Amino acid sequence: MSGASAATDTSIRGALRARLRTQFPGEDDLIIDELGLCQGGARVDLAVINGAIHGYEIKGGRDTLHRLPSQQAVYSLVLDRATVVCASRHTENVVQAVPSWWGIEAVSVASDRLEFDLVRHALPNPCSDPLAVAQLLWRDEALAALAELELDGGLRSQPRRYLFRALVDALEREELGDLVRRSLKMRTDWRWPVPPASNGDSFPSAARSSRSRVRLHDGRSARYSGLRR
Numbered sequence: 013m014s015g016a017s018a019a020t021d022t023s024i025r026g027a028l029r030a031r032l033r034t035q036f037p038g039e040d041d042l043i044i045d046e047l048g049l050c051q052g053g054a055r056v057d058l059a060v061i062n063g064a065i066h067g068y069e070i071k072g073g074r075d076t077l078h079r080l081p082s083q084q085a086v087y088s089l090v091l092d093r094a095t096v097v098c099a100s101r102h103t104e105n106v107v108q109a110v111p112s113w114w115g116i117e118a119v120s121v122a123s124d125r126l127e128f129d130l131v132r133h134a135l136p137n138p139c140s141d142p143l144a145v146a147q148l149l150w151r152d153e154a155l156a157a158l159a160e161l162e163l164d165g166g167l168r169s170q171p172r173r174y175l176f177r178a179l180v181d182a183l184e185r186e187e188l189g190d191l192v193r194r195s196l197k198m199r200t201d202w203r204w205p206v207p208p209a210s211n212g213d214s215f216p217s218a219a220r221s222s223r224s225r226v227r228l229h230d231g232r233s234a235r236y237s238g239l240r241r
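Numbering (my numbering), first residue to last: 13 to 241.
Keep in mind that the hints were calculated from the coordinates and are not lab data. Keep in mind that this is a model prediction, so the values were computed, not measured. Positions of the beta carbon are idealized from the N, C-alpha and C atoms, including for glycine. Among these hints, one or two may not hold up.
Calculated cross-link-like contacts (lysine to any residue; reagent style SDA-like; alpha-carbon spacing at most 20 Å) [as the list claims (entries may be wrong)]:
#1 Lys197 to Arg29
#2 Lys197 to Pro142
#3 Lys197 to Asp40
#4 Lys197 to Ala156
Computed beta-carbon distance windows for the label pairs [to be verified]:
#5 Glu39 to Ser82: 32 to 40 Å
#6 Tyr174 to Gly26: 39 to 47 Å
#7 Ser112 to Glu184: 22 to 30 Å
#8 Gly166 to Glu187: 21 to 29 Å
#9 Gly52 to Thr200: 18 to 26 Å
#10 Ser82 to Tyr174: 22 to 30 Å
#11 Asp124 to Tyr174: 50 to 58 Å
#12 Arg33 to Thr200: 18 to 26 Å
#13 Tyr174 to Ala85: 19 to 27 Å
All chains should be built: construct the whole structure from the sequences, respecting the hints.
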């Protein structure tokens with residue numbers, strides 16, 4: 013395994029996912045590939061959902077950083093923490109490109125193995141947007157939350173944007189975050205879009221979610237053609 017071929021999106025993703033499953037072994041820890049944000053406006057490569065949503069953006073040695081500015085703008089609206097995991101050749105540019113609260117890990121190859129070097133710890137997001145956070149919910153999840161709050165009257169036939177706004181207006185930021193994370197962890201039929209053609213970045217062939225000690229989709233991988241609305 014040479015350095016030129018090892019630190020790719022695919023190899024980094026596999027090693028990172030394995031590490032995260034070891035690091036977060038609880039039944040309350042959910043690991044998601046390609047988590048859609050802002051109603052499909054962007055997808056973060058890996059996300060760990062437990063008491064927070066921590067997104068990991070992967071930049072392999074063959075990838076470019078052309079999309080990183082637009083990605084960080086969206087991720088910063090939603091994620092509680094964010095980390096870029098990049099091939100070491102990207103490290104200096106990534107430090108310059110992302111906010112100071114983002115974490116950074118540099119990946120290199122030694123003895124045919126990937127090594128992860130922590131450059132900067134991820135800190136809590138100081139600038140998330142509650143409306144963008146609410147948009148992580150599917151319509152039926154938003155309605156169920158409003159019904160529990162006895163605020164669904166007159167909203168059941170309204171577009172999603174009214175449901176999200178009602179939740180934002182009714183809940184404190186921390187309460188909203190708790191509700192959204194709880195809803196995401198309760199999902200049993202996750203759906204993701206088939207990734208678009210790569211623009212200098214690579215994507216996995218199929219999206220998956222996992223819980224510790226639970227086989228992925230009963231041992232089967234899944235591919236979906238659209239986001240549930």
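Do the hints match the structure? See the list:
1. Lys197 to Arg29: Holds, because 18 Å separates the two Cα atoms, which is no more than 20 Å.
2. Lys197 to Pro142: holds, 19 Å
3. Lys197 to Asp40: holds, 8 Å
4. Lys197 to Ala156: holds, 15 Å
5. Glu39 to Ser82: 32 to 40 Å: Check passed, 35 Å falls within 32 to 40 Å.
6. Tyr174 to Gly26: 39 to 47 Å: holds, 41 Å
7. Ser112 to Glu184: 22 to 30 Å: Given a distance of about 26 Å, which is inside 22 to 30 Å, the answer is holds.
8. Gly166 to Glu187: 21 to 29 Å: holds, 22 Å
9. Gly52 to Thr200: 18 to 26 Å: Check passed, 21 Å falls within 18 to 26 Å.
10. Ser82 to Tyr174: 22 to 30 Å: This hint holds: roughly 27 Å between Cβ atoms.
11. Asp124 to Tyr174: 50 to 58 Å: At 55 Å between Cβs, range holds.
12. Arg33 to Thr200: 18 to 26 Å: holds, 19 Å
13. Tyr174 to Ala85: 19 to 27 Å: holds, 25 Å
Hint check: no violations occur; every hint is consistent with the structure.
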